[in-house]
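Novice: This is what each chain is made of:
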Amino acid sequence: MAAEEEYLEAEENLEAIITRIEHKSRKIETLLKQSKPVDALKTALEGSALKTRDERCKSANWIVVHRAVMAIKDVDGMISSLDPEYYDILMKYLYRGLATGDRPTCDQCLRIHEKLTEKAGLGCILRSLSDTVNTV
Amino acid sequence: MAAVAVHQFAECITCHAWSPDQSMVAFCPNNSEVHIYKLFGEKWEKMHVLSKHDQIVCGIDWSLKSNKLVTVSHDRNSYVWSQEGTEWVPTLVILRLNRAALCVQWSPKENKFAVGSGAKSICICYYEQENNWWVSKLIRKKHESSVTNVAWHPDNILLATTSTDGKCRVFSTYIKGVDSKESESSSSDLKFGEQIAQLDLSVTWAFGVRWSPSGSILAYAGHNSMIHFIDDVKSNPSAQSIPLRDLPLRDLLFLSDRVVVGVGFDCNPMIFTADDTGLWSFTKFLDQRKAAPSSSRGSQLSEAFGKLYGTSKQVPSNDTVEPSKPRGGAHENCITCIVPLWKRGNTTLCRFSTSGLDGKVVIWELDIPK
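Residue numbers (UniProt numbering), protein chains in the order written: chain V, 1 to 136; chain F, 1 to 370.
Worth double-checking, as some hints may not be accurate.
Stated by the list, open to error - Straight-line distance between alpha carbons at most 25 Å, and here's what the computed DSS-like set of lysine-lysine pairs gives: (1) V:K42 <-> V:K119; (2) F:K120 <-> F:K167; (3) F:K65 <-> F:K109; (4) V:K51 <-> F:K167; (5) V:K115 <-> F:K284; (6) V:K42 <-> V:K115; (7) F:K284 <-> V:K119; (8) F:K120 <-> F:K142.
Claimed, not checked - Chain V is nowhere near these chain F residues, computed Cβ spacing over 10 Å in every case: (9) Q22; (10) D257; (11) W342.
Please keep in mind that the hints were generated in silico from the structure rather than gathered at the bench. No experiment lies behind these values; they were computed from the predicted model shown. All residues carry an ideal CB built from backbone N, CA and C; glycine is no exception.
Pulled out of the complex, with its shape left as it was, chain F reads as follows (with noise of 0.2 Å):
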């Protein structure tokens, strides 16, 4: 019921991605390049580095059925790159994009991945088998500031996103000739670019947009410490804010369409669960901390604020407060993302792994009831 596996990688990973048979993790060591490993008995292998971009890698995405490894960076450019024999042979993919570009995300069917940018805007990228390269088709409208996260609804068409404005937007997709018509509820709405909702519930920058696995329920998170759930979307949103006790998350995953972990600020993924009535409330944290004694957060938060209560009880007067004391947890800072782990055969999720930017990749396994 937590960690399961702590792997130190560097000294502060941006992001990662798992090989479909989980063998292999790829990931940004915050800086331009993407290192490979592989998990050889006990011990981890450098295996590839993939150094094709300028700047920091922000968004690694591996598609599970397609192989094909996608990055981001904030230099602007997008690769895609495919295993050949034993090396990885990148294609760049041309965004159009004037400002650095966030995040990163394959589609259910693996035929488009969305990029979000701080231009703004977002990247449609799909395969043109005819002159086989991948084509960039740009939304521009409504975001008004940077896009955070993007999240793929599982019909493959429709796509959520965060912002620093603070609101969630979900735009359709569809591309006439990558999209069939065979799906689809209302076909007035299908047009690619078109703002399905908007939702103005965070007065803070938002991130770590999900869709539940059903496609039925949202969630996302605020800077604000808060998390919301949103029922119903297209038809009827009905919207559930929970403030949250610490710091601010910064990625969802939904494990079933009722549980969902959030990782942020505070170093230990959260459980969140709605109970049959569809009420969303937060359940534990996921990590046991081996906790200081006798102290609960009690002591820990009036030792950070010590000197500001000035009259303290156990700081000692010659020391200032150490920022970075190590707490006991899996994590040591922040954690920055959260990548599902699915186990072949299962339908529930009960795997995933976080990394941070303290350089763990840490493995979590939850036992889900029912």
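This is chain V alone, in the form it adopts within the complex (with noise of 0.2 Å):
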């Protein structure tokens, strides 16, 4: 009986979650227009719902991320500017980027892994992989 419970209420949950996203990607949009790849990725980053086990939600999430990855071009800039609270997360993003197997998805993220690394270093790559519960 506990786990329907559960089940009903991270399905109204999951209408909010899917909301939030498509309002996030409205205005990543938004900022990505007006040059601001930086912004756009932290928007992107924020609010993600990692502990939610809906696949619908986490592909709409990552499509988002991928999105505001794509897009920056000054990766020394960007980690210098994100909130190291962020890195965890971003590092999760990445390596679900380099599991897409498409090149230039690749390509960007194997830019900004490396760079991220220098700066998180070992231990956030290592919480990336083991987290089990917190998943992107």
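Mind assembling these two chains? They're in different frames, but the hints should get you there.
Specialist: Below, the structure is given as structure tokens:
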């Protein structure tokens, strides 16, 4: 019974999450048009629902983050202006990007991975690999 | 402020312990024996080899007041060794385990010792005078996986454990007849095996649990490169989790209520300090590396990731990246064990020793302010 309740509660929340992601997506498009890729990435990473198990939510969020990631030209600048609390989340998304196998995505993700590792250290990679609860 | 002495004893050391006067060290060189070495002037000499176990000895503890050695091994047995003349005499302690024992620690009063095991249980062993043997009582409940480390609270009754299920638990090990009733704060929790608290801060394996000298703070490390500090576990727990920049820790040691040393896969002890408000943070690495000149961590990492990044800078095309390059520090491989070295008369701890997979035992000394 408890599992079912949890499921129903999650269902309602899912709709809320999807709506939030769509909202984020529009905001990001605006920011990108204004040539603010760093802010776009921050918006994309903010409020990511990491605890949900629903694949649609995760994919939707990934598409949004992917869009922002691909628009980054100045990686060094982006990393230095990013809040340390987002390092772990960004690293998780980078690995998701690397897993796609798509050449441009992988190139970009690898570029950012190098700089992020220099900034955040190996601990960041460890946390993104070992965290099975908050997944992207 | 750094390594005072470095001793290479073997190819790999599983765990170690010092004698009460710190003249002898007992360690397991990654086999089923325990070697005891004594320092004569400048040279170490092998004094004894204790070989009763059949498999790796994974835990050794030397009691400081009663001068007894306790060893536990993957062979599910434990021996208490007492020195009679020049010989060490073993006493088998039947732990009643069906999986390997993983760690051991004498209680502060040295009348009990706790053993963590892969059988998801803890054994609390105490000495029964009438029958002249050590009895083991098991705490079988609660743990969902192997118990990696155990730590006694200064009150000799509470025991904290970390496990590969990621949780840190605190149990009461009150035994009638062994523990007297004088120092109890809440008598209802005193039943043997009663779980006082369960902390679920780490999603990954947990290691290296320790209590602060006053018993008010609990710290443990998670395998996801995090360290957790919990204040006031019994009544109102408040936790701080600090993500580490580098590789995970395997063991911890409280030097005072405000200073913690963590050791692990970075091969370099890390110091954490708490400020006046009780907020913990990483302070520094202890070991001053004789690092390569202009390169910082950046080049070390890009060398390791050289092949991955493709357009690497100075990696020649025909070589493979050496995994075990000496990095110029005291330890060359993972540090797995840290042991305090109390100086007589001192109330604050400033000396400790570490041992690791590189077979070295390194003694460190630190100036603690205040």
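Novice: For every hint, state whether the structure bears it out.
Specialist: Structure-based check of each hint:
This hinted pair checks out: K42 (chain V) and K119 (chain V) have alpha carbons roughly 17 Å apart, not beyond 25 Å. A threshold of 25 Å between alpha carbons decides the hint, and for K120 (chain F) with K167 (chain F) the separation of about 12 Å falls inside it, so the pair holds. Between K65 (chain F) and K109 (chain F), the direct Cα distance comes to roughly 9 Å. Compliance with the 25 Å bound is thereby established for this hinted pair. For the suggested pair K51 (chain V) and K167 (chain F), the alpha carbons sit about 19 Å apart, so the restraint of at most 25 Å is met.
Restraint check for K115 (chain V) and K284 (chain F): satisfied, since their Cα atoms lie roughly 23 Å apart, inside the 25 Å limit. For a cut-off of 25 Å, the pair hint linking K42 (chain V) to K115 (chain V) stands: about 17 Å separates their Cα positions. Restraint check for K284 (chain F) and K119 (chain V): the C-alpha separation of about 17 Å stays at or below 25 Å, so the hint holds. Distance check on the hinted pair: K120 (chain F) and K142 (chain F) sit about 8 Å apart at the alpha-carbon level, within 25 Å; holds.
The claim that Q22 (chain F) is not at the interface with chain V holds, since no C-beta of that chain comes within 10 Å of its own (minimum 34 Å). Listed as outside the interface, D257 (chain F) is consistent with that label: its C-beta sits roughly 26 Å from the nearest C-beta of chain V, beyond the 10 Å cut-off. No Cβ of chain V approaches the Cβ of W342 (chain F) within 10 Å, the least distance being about 32 Å, so the stated non-interface status holds.
Checked against the numbered hints given earlier, the structure satisfies every one of them.
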